[in-house]
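Residue numbers (the numbering used here), protein chains in the order written: chain R, 1 to 363; chain W, 1 to 513; chain H, 1 to 308.
By construction, these hints were calculated from the structure, which means they are not laboratory data. Please note that a few of the clues may not be correct.
In silico EDC-like pairs for lysine to aspartate or glutamate, Cα to Cα no more than 20 Å straight-line [claimed, not checked]:
| id | chain 1 | residue 1 | chain 2 | residue 2 |
| --- | --- | --- | --- | --- |
| 1 | H | Lys174 | W | Asp131 |
| 2 | W | Lys365 | R | Glu217 |
| 3 | W | Lys112 | W | Asp131 |
| 4 | H | Lys108 | R | Asp313 |
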Amino acid sequence: MLLQFERRDTPSKSLIFATPFIAITITILLSSIMLLIQGKSLQTTFFSFFIEPFESTYALSEVFLKFGPLLFIAQALAIGFRAKVWNIGAEGQMIMGAILASSIPVYFIDSESVFLLPTMIFLGAIGGMFWAGIAAFLKTRYNANEILVTLMLSSIALQILYYLLLGPWKDPMGFNFPQTVMFQDAALFPPIIFGFRLNYSLIIPIIFTIFVWIYMEKRFGGFQLTVGGLAPRAATYAGYSANGAVWKSLLIAGMAAGIAGMSEVAGPIGQLQRSVTSGYGYSAIIVAYLGALHPIGIVFAAFFLSVIHIGGDYALVTADLPISSVHIFQGLLLVTYLSSYTLVNYRFKPRKAKVKEVESNLT
Amino acid sequence: MNGVQQPLLTLSKLTKIYGSLLANDSINLEVFPGSIHAVLGENGAGKSTLMKLAYGSIQPDAGQILWKDKKIDYWNTAVARDLGIGMVFQHFSLFETLSVVENIALTIQGPKKDLIDRIRMIGADYQLEIDPTAMVNSLSIGQRQRVEIIRCLMQDLKLLILDEPTSVLPPQHVQALFDALRKLQKDGVAILYISHKLEEIRELCDVATILRDGKVTGKVDPNKTSAQELATLMIGRTIPKIERRKSDNKSKNPTLNITNLNIKNPDPFGADLKDLSISVFGGEIVGIAGVSGNGQQELGRIISGEDIKGDLEPSAIEMFDQSVTRKGVIERRDLGFAFVPEERLGRGAVPSMTLSQNSLLTAFKKGMLKNGFIQGDVVTKFTNKCIKEFSVKASGNGATANSLSGGNLQKFLVGRELLLEPKLLFLSQPTWGVDVGSANEIRQKLISLRDNGVGILIISEELEELFEITDRMYVLRSGRMSNSMNTSEVTPDAIGEYMIGEEREGANNAIAV
Amino acid sequence: MMPLEFFLAGTMSAATVFLLAALGELVAEKSGMLNLGVEGMMAISAAVGFVVTYQTGSHIIGFMVAGVAGIGVSMVFALVSITFLANQVATGLAVGILGLGFSALIGKKHESLTLTAPDTIHIPFLSDIPLVGPVLFQQNIVVYLTIVIAILISFCLNKTRLGLAIRACGENPKAAAALSYSVVKIRYGAVAFGGLMAGFAGAYASTIYTPLWADGMIAGRGWIAVALVVFGTWKTGRIIVGAYLFGMVSLGELVVQSFGVAVPSQLLSAMPFIVTIVVLAIISSDRARLRLHAPYSLGETYDGSEPQ
């Protein structure tokens, strides 16, 4: 092997900051190469992705609209990832939160009560927590791998969504489309600027971010989760509950995803329909990592990725770029980030002498 | 050995640096055929590093390796093996879910049937019998060592390297190993024997190279050198003898009482505990002897509370006259229990976290939390106190646990637990891998703790250590605990016999407490 | 064919998608590598396989190129997790996302086109046995080849030196390295094989099983393949049984329709995932068995540091 890494004595703090930027740079480079191969204009594409989102107030508001759920879910997922609890099913938890929250306007379409929104928030949280809780239960009680369970649950949640949208919750006036009625105003978050889709639900993830930061930096609970992720045997030795860590991680994530899902249906979408998640559950994973699993880093990463997503929407029109390019960009970001992160703990050390390998043993 | 003979292996000015640590500093060493050459040094002296260099597991930063006076440019384990060097590792490199012959097949060519025959033949020849079809996970430690040795013998062996081979053997089996090694010696094989046990080296080896702090401090004939001189070359200064009076502070009631513990291990590779009883009173040091793999790990986890079995009697495990069978780790600590595990990095401490954070790990009830918020200044004060009082050599409370040497980290961990002011302290392998100086300090601290009325329980594979500081001893074998024995009334040989299960009639005069 | 025979024969074909991917993942995991990017590898190979088969008219070429695509994606996983020492779980997910993204790009222009699947092969005499005959011996060639590959894998892992070396890497890479085995090379190879098989699985899904391509067509089958390796406790025989079980479940709709029971189609679509969760819980709760059969170092990064 050409590349050889040697463990550092102490991890490099400066590189922890630098790696997201290294990843972004390499990703942009690779993407540019791919664009050139496809014969697309680099200039137009860069313009769509990095300039257009800032050109108008409306565009910026759309960026922040995306920013909210990404920030919310990523913060919660990061807590779990640091504890090595792999919640991949945030999509499903979002769906269940959206479903439960939507039950209110669907069944009480004429209500104008001021309690509508708070109830929906509450139900959104419950829905997500319940769904994530299933995975926590199966992991703590049956040792079932949470990666697979949360994923399977996402697929199941999608089917539940389809069933409701094509069945009991279908809007009778909706031309047979799989969607519910449009929600009444009292069941929607008020917009921040009239006419824009950006609404006051943005407050929730911002407050949540502050809580997450306090929790992970200052609270013993956050410390315990971190220990559990770094050295599970030490956590057991210290008496920290491994099961408790699983439940905490999944329930927090479920709550965040559930409320995020609720914010979508009580916000820009305004009803329950099939595309309620917009892939946030998976994008949030990338945001979490790009932010180095740190509450502050995630703020920046979420903003960056929001810009990319909105830029992608513009690029669809302006630069004739398929929407999958955003997914590819995301995937590349994560891959390059994970690769560069090695430098934090390891030093690059090229091989000195060629070594004779033992192929003869394999006959 | 006449001086005209050509050395088999020559290590010339071999140097290895790990970060800022000079593990091996320009080491010179020659091994001749038919010689049993000891490499003597305390923990941390650089013996293991030197052996890995000799075997090719790691590459030197400077220096050369010569085989039969010929310089070898590329040196790795494959080259070493081709030349006829075999190594028996301290922590065996066997695969648990493979059988003995499958393990051997990984390095030795030939159809399986032939390998099985050869294994049986060599086993009979050297009295190292082993069943070739047995799964490694069913073998005892001593048996696994045999597999490692046989594997080396199955190649065209010219030089055998053994790294601390007797640390896992009961005293009686040590002789069997020595017999096998002497037979090898007669066959002209050279042996590199790494150890820190002076008496063994004087008994077995004809030449000894002594390492201290990465340098060679002497090359002597151990038969013509006194144990005192060897110790001085090894340690470089005199270690104060442990001061101990007989324990006169024993408490009336036991601090720890385990009665008839029966546990079936869910891990197929682990040991069961059978009908196990043990007690520890305040003001005494109790030791549990035994070769590893007989249930020490399982017992340790039951005592600490890391494993809680719901189907046990409430009275099965009691601390301070209270049932703790269902109580978790933190509850037991609240009662006055503290514990230092054998695994420092990854269990006793989080390797990448600072000493301050590692203090918080178990000492969080010492004023470090207020309403769930971490009080950084209290943590810092505690950590600094621990570093100072227990002579921990570290760059400060911000040093990461994995930057400390084994001995210093152990001192920190023992210190941390002692600062919890426990009334019952449990330590597993308290001085494993710890340099002599630190080990001595730790043992001294334990004695003074005992004098203050604390009950101390030690599980150790080092019989010498147990005889040095304990008041009473038990022996753990195959998950069963012997009766209690007063240390002053029993000999290492007798304990050894318990360890391998050959109890003489008359030796069964163990005193029940 | 009678409806039951039709159903069972379809099961074999459906199972082949799962089985190919699961067998590949088995080999990778035996060497210690947990590759969660199977879904993405299958997705990209489905797209590549379809496009190439459509353009060249040859299934064989389509499979080959799809296999290469699978290997290519798996090499990204290997590079990042083996050489760059990144966490295997995160890397697998990243690679999977990448694969899914690329599959949409590659397949876009071929959406909703169809191919003709290759003919089934009727094995003489055997295929005339009532019931069993049509089910087992009138399948397309890939179904037969998959069984052959399964047998070969089992033989290789358990009886050959190469298999021994692979298992050693998965059990204790440090010890394997101490014995001069190149853990890195063996793991790269095992991961590549996993990629190849995932490539075949994807190609089979889009060119033979349902000979068309659509975005998201893999629909979680890659994940079920990963789960299958756990169900089968890393044993080839059990994985085959599991694959057929899932083949059956995925055809559940047919069964239900033939019985005339009114079950919402979404419940049937959710069935494979529900079954996966249930079986996973049952198997995983037997921790002793898992310890016995799961490669001990599965998912752990090996950074070549010497044994302490």
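Here is how each hint holds up against the structure:
1. Between H:Lys174 and W:Asp131, the direct Cα distance comes to roughly 25 Å. Violation of the 20 Å bound is thereby established for this hinted pair.
2. Our distance criterion of 20 Å between C-alpha atoms is met by W:Lys365 and R:Glu217, whose separation comes to about 18 Å.
3. Restraint check for W:Lys112 and W:Asp131: satisfied, since their Cα atoms lie roughly 14 Å apart, inside the 20 Å limit.
4. With a C-alpha separation of about 17 Å, the suggested pair H:Lys108 and R:Asp313 falls inside the 20 Å cut-off, and the hint holds.
Hint compliance for this structure: hint 1 is the single one not met.
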